[in-house]
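*Asks:* Listed below are the residues making up each chain.
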Amino acid sequence: MSRNQPRTNGTDAESTNGAVTGSPSNQSEASLTGEGLVLTYPSGDSPIIDDETITAEPGAVTALVGPNGSGKSTLLKGLANQLTPEAGSVLLDGQDIQTLDTKAIARKLGLLSQESTSPNSITVEDLVYHGRYPHRGFFDSVTEEDEAAVERAIDLAGCGHLRDREVGSLSGGQKQLAWIAMVLAQDTDVLLLDEPTTFLDLHHQLEVMEIIETLRDESDITIVVVLHDIEQAARLADRMVALKDGEIQARGQPEDVVTERLLADVFEIEAEVSVTPHGPRINPIRARHDGDEHAVDDDSTGAERPEEVVAE
Amino acid sequence: MVSRSTGVTDAWSRALNWLSGVDASLLGLCLASIGVVFAGGLVQVSFGAYSMTIVEAWQAVFDPQVLFDLEVWQVLLLGGQVNTDVLLNPLAWDSLIVDASLPEMSKQSLIVWNIRLPRVLVGVLVGMNLAVSGAIFQAVTRNELASPFILGVSSGAGLMILLTLVVFSGLSTLLPLIASTGGAVAFLIVYAIAWKNGTSPVRLVLAGVIVSTVFGSLQTAMFFFADDIGIVQSAIAWTTGSLTGTDWEQVRMALPWTVVAMGLSLFSSRQLNVLLLGENTAKSLGMSVEKVRFALSGVAVLAASASIAVAGIVGFIGLIVPHMVRNIVGSDYRKLVVGCVFAGPALMVGADVGARLALNPTQIPVGIVTGLVGGPYFLYLMRKQQQMGEI
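Quick note, the sequences are listed as chains W and L, same order. The first sequence: position 190 = 361 (my numbering), numbered continuously. The second sequence: position 391 = 1088 (my numbering), numbered continuously.
Hints listed in this document are in silico derivations from the structure and should not be mistaken for laboratory results. C-beta: ideal position from N, C-alpha, C; glycine also. Each hint should be verified, as a subset may be incorrect.
[Unchecked claim] Listed next, the in silico DMTMM-like pairs over lysine to aspartate or glutamate satisfying Cα-Cα at most 25 Å (straight line):
(1) L:Lys988 x W:Glu257
(2) L:Lys988 x W:Asp311
(3) L:Lys893 x L:Asp944
(4) L:Lys1032 x W:Glu315
(5) L:Lys988 x W:Asp272
(6) W:Lys274 x W:Asp311
(7) L:Lys1032 x W:Glu366
[As the list claims (entries may be wrong)] Partner residues are not named here, just some residues of chain L that face chain W (Cβ under 8 Å, in silico):
(8) Ala889
(9) Ile890
(10) Asn894
(11) Asn977
(12) Ser981
(13) Ser985
(14) Val989
(15) Ser1028
Generate the whole structure from the sequences, applying the supplied hints.
*Replies:* If you want it as structure tokens, here you go:
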């Protein structure tokens, strides 16, 4: 929806967001903001994400990109309340997520984790019905609303032909569609997806991308997606956020974020970027190593880029 | 259950829908289990010091004079007669049940109903408690080797049994209560040890192993101080599980807890299913994983404790029955728990036939038979099923 909007940097987006949270009656476009997040794994001592602020633009797709170990999945876990921040807070529709009931969160915010396990012998349909968990009380049986939501989710994820199959008998791509259907059945305003296309064949990658596009075009759902593939992210997202070493290095519209300089700084590759109707196209040339022309690049670092960009 | 529909026809169609949704394999399993319980029960009531034919036993079991006599049921299930005079006066409820003895009945009926049938019923209750408890612990710990005793329940109960028999012999009338309390306390200790900003299945299992080892050593040490062979035999009967000498009193002791535990388990099956999706998914679906895990463990410990109180520590039923049922109906806990409620009693009653009659007149603890029968069957399942152990 927002491809044609003027470019917004982080601060602008937050103020836009403030306007949305000011009217809580507006159910359709949910806001999700992480403010000053410091995220540390229970087993580790130094924070993975140190004092970062991120806003998911309401009703749009925000893609998190970055090299391995840049903290993009960690940031997503923090936003999804899977990881309790040491400092800072996550605001879901303006409310601190820590103060909300777990089921209330799950009715508004869905998360598809990177690796999901299930018993092999349950059917796809049963799996999708589990998505209704936050909407059901302890003694509640299935309501018509549940059935409708499950039908919608299965239809949207395009796994109707799989509904009676056992999850254990599916291919990796089919499994992913089933899991997506489960998260969709949760019927949330905010959807967080952690590398939904990784390890899938091209056909299923495109299917997953199409599901996300449909969600963006036909509903007001707010999506944050971690993607490994920058090109894919640029093609899919309304806004991109690039991370490196746990710090946000750039944010904005794909064509502004995906630049040769950013690829050099954040991904440490030399690449050519050309603009096509399907978004920026990246032609990787070679990997950069420590010291390669860095001095030159750093001199020309843009004002909005922090100084920490320099690779060690 | 909350249902949006109110119309009778709608309810009827829903019931039909539910029936058609019932799995054929689950139905078959339940019917077969009921058959085994009936056959085992019939053998149990026919044979013994006073032998009677199967037909006589059958007639005694279905003696209409007993079956439809409210007085008899009051004496058997409540241990006395309900005093209707004080029913509406809560202040006098301590005299609600007054002593009463069984009315006159034939000798066969008396033997069957008063002596032999309660043992079968206790077996049924113990079997379903252990099977369901094991099924719950297998989901909670996400571990296919989990049994009702994985979180230290058996070692705590065993230690308390030995302590009571050897050291505090004056308390032996309270043994059932002490044993099940010991099991529950051991479970809480395990949970406390495993807790560090929450638990995880692996931490729970490891803590269970540690507590079991320590308590097991103490229990063995206790045997060393037992100076009477009678006490040792009694201790072995309690720690391997035995239905010898069980009476209506045991039925009365276990029945209420069993009803509560089974009811909660059946209602919790959806929670168990979601727990099987893994901690991350369960959490993202809005489940308070720690709370649910603790509550479900509590239900499972309640079931295990109820069975320990009346039969001691019967091994193997809780490990093997969930596997058997899973092999037949799959890992959906909505079916699995129901299957366990039926298959547990079948295995328990069947094993008790062997325990009571195999070496007649000597009775061996039923726990020995469940181990002897269950072990090889477990091996058979393991060799036959490629995916054995997958939850």
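*Asks:* Is it true that the CA of L:Lys988 sits at most 25 Å from the CA of W:Asp272?
*Replies:* Roughly 13 Å separates the two Cα atoms, so the pair holds.
*Asks:* Holds or violated: L:Lys988 with W:Asp311, Cα cutoff 25 Å?
*Replies:* 19 Å, holds
*Asks:* Hint check: L:Lys988 vs W:Glu257, CA-CA at most 25 Å. Holds or violated?
*Replies:* 22 Å, holds
*Asks:* Is the hinted pair L:Lys1032 and W:Glu315 satisfied, with a Cα-Cα distance of at most 25 Å?
*Replies:* 23 Å, holds
*Asks:* With a cut-off of 8 Å on the beta carbons, see whether L:Ile890 makes it to chain W.
*Replies:* 17 Å, violated
*Asks:* Report holds or violated for the interface hint on L:Asn977, using the least CB-CB distance to chain W and a cut-off of 8 Å.
*Replies:* 5 Å, holds
*Asks:* Classify the hint on L:Ala889 as holds or violated, based on whether any CB of chain W lies nearer than 8 Å to its CB.
*Replies:* 19 Å, violated
*Asks:* Taking the closest Cβ pair, is L:Ser985 under 8 Å from chain W?
*Replies:* 5 Å, holds
*Asks:* Quick check on the hint: L:Asn894 CB to chain W CB, less than 8 Å?
*Replies:* Status holds, d = 6 Å.
*Asks:* Assess, step by step, whether the Cα of L:Lys1032 is no farther than 25 Å from the Cα of W:Glu366, and give holds or violated.
*Replies:* 34 Å, violated
*Asks:* Are L:Lys893 and L:Asp944 close enough, with their CA atoms no more than 25 Å apart?
*Replies:* Not satisfied, since the Cα-Cα distance of roughly 44 Å exceeds 25 Å.
*Asks:* Taking only the CA atoms, is the gap from W:Lys274 to W:Asp311 under or equal to 25 Å?
*Replies:* With a Cα-Cα distance of about 14 Å, the restraint between W:Lys274 and W:Asp311 holds, given a limit of 25 Å.
Checked against the numbered hints above, the structure breaks hints 3, 7, 8, 9 and 14 and satisfies the rest.
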